[in-house]
Amino acid sequence: MAIFVDKNTRVVVQGITGRDGGFHSREMLAYGTKLVAGCTPGRGGQKFEDKVPVFDTVREAVLNEGANTSVIFVPPAGAAGAIMEAADAGCKLVVCITEGVPTIDMVRVMPYLKERGVRLVGPNCPGLLAPGIAKLGILPASIVKEGPVGLVSRSGTLTYEVVYQLTAAGLGQTTCLGIGGDPIIGTNFLDAIEAFNADPATEAFVMIGEIGGDAEEKAAAYIKAHVRKPVVSFIAGQTAPPGKRMGHAGAIVSGGTGTAAEKKKALNEAGIPVAERPMDIVPHLKSIWKR
Amino acid sequence: MAIFVDKNTRVVVQGITGRDGGFHSREMLAYGTKLVAGCTPGRGGQKFEDKVPVFDTVREAVLNEGANTSVIFVPPAGAAGAIMEAADAGCKLVVCITEGVPTIDMVRVMPYLKERGVRLVGPNCPGLLAPGIAKLGILPASIVKEGPVGLVSRSGTLTYEVVYQLTAAGLGQTTCLGIGGDPIIGTNFLDAIEAFNADPATEAFVMIGEIGGDAEEKAAAYIKAHVRKPVVSFIAGQTAPPGKRMGHAGAIVSGGTGTAAEKKKALNEAGIPVAERPMDIVPHLKSIWKR
Amino acid sequence: MNIHEYQAKEIFARHGLPVPPGSVAATVGEAVALAGKYGLPVMVKSQVLTGGRGKAGGVKFCKTIDDVKENASKILGMDIKGHVVRKVLVTPALDIASEFYVGMLIDRASQRVLLMCSAEGGMDIEQVAQEKPEAILKHPIDPRYGLLDHEALELGLKMCPGDVKKARQLATAMQKLYAAFVAADASLAEINPFIFTPDGIGHAIDGKVSFDDNAMYRHADYEALRDIEAEDPAERQAREANLSFVKLEGNVGCLVNGAGLAMATMDLVKYYGGQPANFLDIGGSSNPEKVVNALKIILQDKAVKVILFNIFGGITRCDDVANGIIRATEMMPIEVPIVVRLTGTNEAEGRALLAKTKLHPAETMDEAVQKAIELAGKGA
Amino acid sequence: MNIHEYQAKEIFARHGLPVPPGSVAATVGEAVALAGKYGLPVMVKSQVLTGGRGKAGGVKFCKTIDDVKENASKILGMDIKGHVVRKVLVTPALDIASEFYVGMLIDRASQRVLLMCSAEGGMDIEQVAQEKPEAILKHPIDPRYGLLDHEALELGLKMCPGDVKKARQLATAMQKLYAAFVAADASLAEINPFIFTPDGIGHAIDGKVSFDDNAMYRHADYEALRDIEAEDPAERQAREANLSFVKLEGNVGCLVNGAGLAMATMDLVKYYGGQPANFLDIGGSSNPEKVVNALKIILQDKAVKVILFNIFGGITRCDDVANGIIRATEMMPIEVPIVVRLTGTNEAEGRALLAKTKLHPAETMDEAVQKAIELAGKGA
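Protein chains in written order, with my numbering: chain A, 1 to 291; chain B, 292 to 582; chain C, 583 to 962; chain D, 963 to 1342.
Every beta carbon over 12 angstroms from chain B, so not counted as near; a handful from chain C, in silico:
| no. | residue |
| --- | --- |
| 1 | G621 |
| 2 | K642 |
| 3 | E652 |
| 4 | T779 |
| 5 | L807 |
| 6 | P915 |
Simulated crosslink set (PhoX-like; lysine-lysine; CA at most 25 angstroms straight-line):
| no. | chain 1 | residue 1 | chain 2 | residue 2 |
| --- | --- | --- | --- | --- |
| 7 | B | K535 | C | K878 |
| 8 | D | K1094 | A | K265 |
| 9 | C | K872 | B | K535 |
| 10 | A | K92 | B | K405 |
| 11 | C | K829 | B | K535 |
| 12 | B | K338 | D | K1127 |
| 13 | A | K264 | D | K1232 |
| 14 | D | K1264 | A | K244 |
| 15 | C | K884 | B | K535 |
| 16 | C | K714 | B | K509 |
| 17 | C | K720 | B | K509 |
| 18 | B | K509 | B | K535 |
| 19 | D | K1043 | A | K244 |
Source of the hints: derived by calculation from the structure; they are not laboratory data. Heads up, the beta-carbon is just placed ideally off N, CA and C, and yes, glycines get one too.
Given the sequences, and given the hints that come with them, work out the whole structure.
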């Protein structure tokens, strides 16, 4: 079991004929993901890697191949449009890897998705990897392992770092989910935590936050009220100066809010251990998790 | 009983301090309508006719006076905005009397109302009058009478003509409803007919159509399938030349569609008598209605 | 309000649609000069507010200056369905590799702007709609989002399967046309045809735009676009007097309050064997000046043999209306007989006032119409 | 990207906001000339990309030309929070009867543009938010409908109860600011204050706009608005090299792939008692040129005593990354010690390559950070 994906997940990759889209599509196929179609306007009729049919539109991929999930690698100028196309075509899960999508485009996209009951992961995220089920995005398959731990993070490589440590410690994962570091994202901590809490296979989970916004605080309140599974957290950006964007568009302390200290405080008050160093996450988890 | 209104209908008039708004508000009050508030920005704090409080915003009228219905007399440039304000403030029925509202404004208004579950009557309509219950709009109270007949019409004075004849023949009305002659209107024939069909007090009803669009045809199909109450119809505009707008923005035969002949044919095929002259409506109704 | 092709194309060009250059000429000399400016071959296209110009010989391909002279002189002054050609558009003639239709109108059913497009471009779209409806693609545009990229591209690809470059040009044209439609408060906007030249480049070579009369107040500049010469003088006067008026071919002049009642009155005239001379809605007021304006417009038509007032006094009291009519007829002496039917609030008082005049009162619509037809017959 | 007040006001004026006239001066003479042009009294306002200009003495009311001379010469060259004033805005001084705040930003919670407004205008809005949060009205704008008339007017009336004329001016200003925000792809747009002069007319007398960096590709004209002189040279170089970089005060230069890991690395430096010299995300590539650019930027800071690479090889293989780093250090000889931590795919191979160099390999983040701090201490 996993969150958001299962054995019926049938993926169309938008931008499959691009450099990144092509590379990661091969990786997804290699992992055994049901990547049933690609989409690039003007490339309809071609085959990707001699087997995956490419269509001009997502609608054709849905109608002809039963795609129900899209993974998007199109450039920023077309990313919001690609998300809307996937939603309109009937995909119920859309994972947008693209970095650098203008924020106002995402503002416009969100109600469109809500009206259609579509879950978006990202943009500007590594996607998700449910070991043994499906890889949707760019998380490296080599570092994951099937198991009972859920992981959700706003970061990319910091996620890999933590997954690596979990796997090394023998703690496999139900789903590793990177929700992205932009200010406006489709799936936030709360959504992921609700899903992990409801997923019977997930016995414990890890939440990797960072400065900016108050998604971690909201998650903490939810966990305190609703979650009985062991949770460990980590917050990146303690030393970030205020008013400076730390890479991710959403990683910024502004007006004195969104600081790592506030987030740690909220998490601690909710009874969630916050690791001081990435290497402390696994020991923390082991200490509170009575398997 | 009546459709769309009842004894709990509490009306705010938008544009109550204008010439037409003021005149018709007095008429509505005189009829006993629960006109509980007026709204004109900048006139908040005044009293209309020394008794009805005037507010700057519809929200205040809803919060302070429990208004749940709005009747709009504001000029065309502000009419669409006024409809949205009423809907946003929580009014569930909005009657827009204003004539000359730009069509694209109404296009924008419609999804806003749908999202909020608001019924609009009009624009460019006389509103509705439920004898003995409430008068919302400009239908003359002198010509109506309580009774078992429902009436729905795209027209104004032609409606009065027919109501006048009904009343003269001793046939009182549950509700007289003018839906307006614009291409885009909130409540169409179908909505009115569904409501009349469901209203136990309405034993029979009259539908006054005119050239343009295919609302009458849709209503005919619905009546054939679902309505067992006696229905008589009349269609104005048999002699209207094609391509010319006959007063109402929606009364135009274009591309050979929307003709009176087509509408009559559809109504006849649905078993609905179509009166040749307005004066034939009452005799037709009496002949098919076994009371 | 309808505007000419060249005006529609100016709007299109302002919104970034690929419109070929072109200017209008009112004389053969001007047309020849423009042909020289743009280079041959050119199209000489009559500018009239009606369709079917091509079939009527009002659109001509000109290879030589002599062609331009000959065709411009034929077309200028030509009568197309009752419209006299006063201007021609001179524009470079392009090689057409393929033609498409792209149009938008207000759709009552979806309550949205409806985009229609077809690979059967260049033809009368109403004819295509009747003969080959499956050839027209329809897409109601959600006003909250506008015409989205993927929606436009999907339609473009259906019209140009396998040719994404052309599909993208069509998609962009649709999006720009929608922007123009909304910004211009149009009720109709068509590009017909949108063509591709053999080099694969798209051009909007003919177009039509109608404006929403209700939105004219937002566009002070539209009055300048109105071709007053092309308007029926009576309809122009009616418009200027804020009256809803349509000229017809009969002899019974109708003045009615309310559009629905006005149509029903015309229908009843016809029912009793008469011929209405017009549709006219004088609205709810009893203002004598408005009545005078209406009478002036109707009486310009010398065919009118009788005037028929059909007034339902709802809010307005019938005695007020009667006074208004009496004062109007005093202000403007009228030779044809006048039948007045007044019903509604204070109808008895109203009729009593009319009894003292030479106007012919009537109690019902039917009586009034029959009386008017009878009087029209006598006058003839 | 942040722009100056005068630039923000140019954007406001283009969208129809009531902005008083004004121009910038780089010298006292220019300022005096502008004061002559606009007429006294004028405001002389420092143009720097930071707040608190007023408190720092960077905004002055000038009644006479001598005042202009004195204040312009004081302000030009002044240092405000590390920003040197190179230009002043000279603009007519208006009588202020009342002041308001109107601002918009991207709100994560509502996922919309959040309109904030307050009758506590002219103050630092963050201070108002902390001390008197109830004085700030907030309205998330539905992108599907924009800021509707009634929404804006309701807010205007809350700020100016009983004064519908002022409320309407505020409402219109909000709607125009929203149009500007969306058209400009802003991440922040503020009018502070929006004032009324005693005659009841509204004016946007100070403003701030920041652009969404992700949307710069849509606005080719924005590069011209960038005040390159005001930028930190290292941050400018990083921007031009497409690197995410923030300068800090420490001595451990950090090169990390991924923003989250880069922050975690800085935190860990601090945890072990060191001081990071920077935040730098070199992204997912193993391109040696990008590494060279990053090293150049970091090494401009003479405080840097050690370089710390922390790379998680996910998709990129560690041996490729190692080769990239080795080639980069060959292209650009470096005097400070370099610690390299490589983990992930093919990490053993990567470390084997590094073993042949004078780079200091490390197996874990913790080991790498501790080693870097130790080496930084030795170098100092």
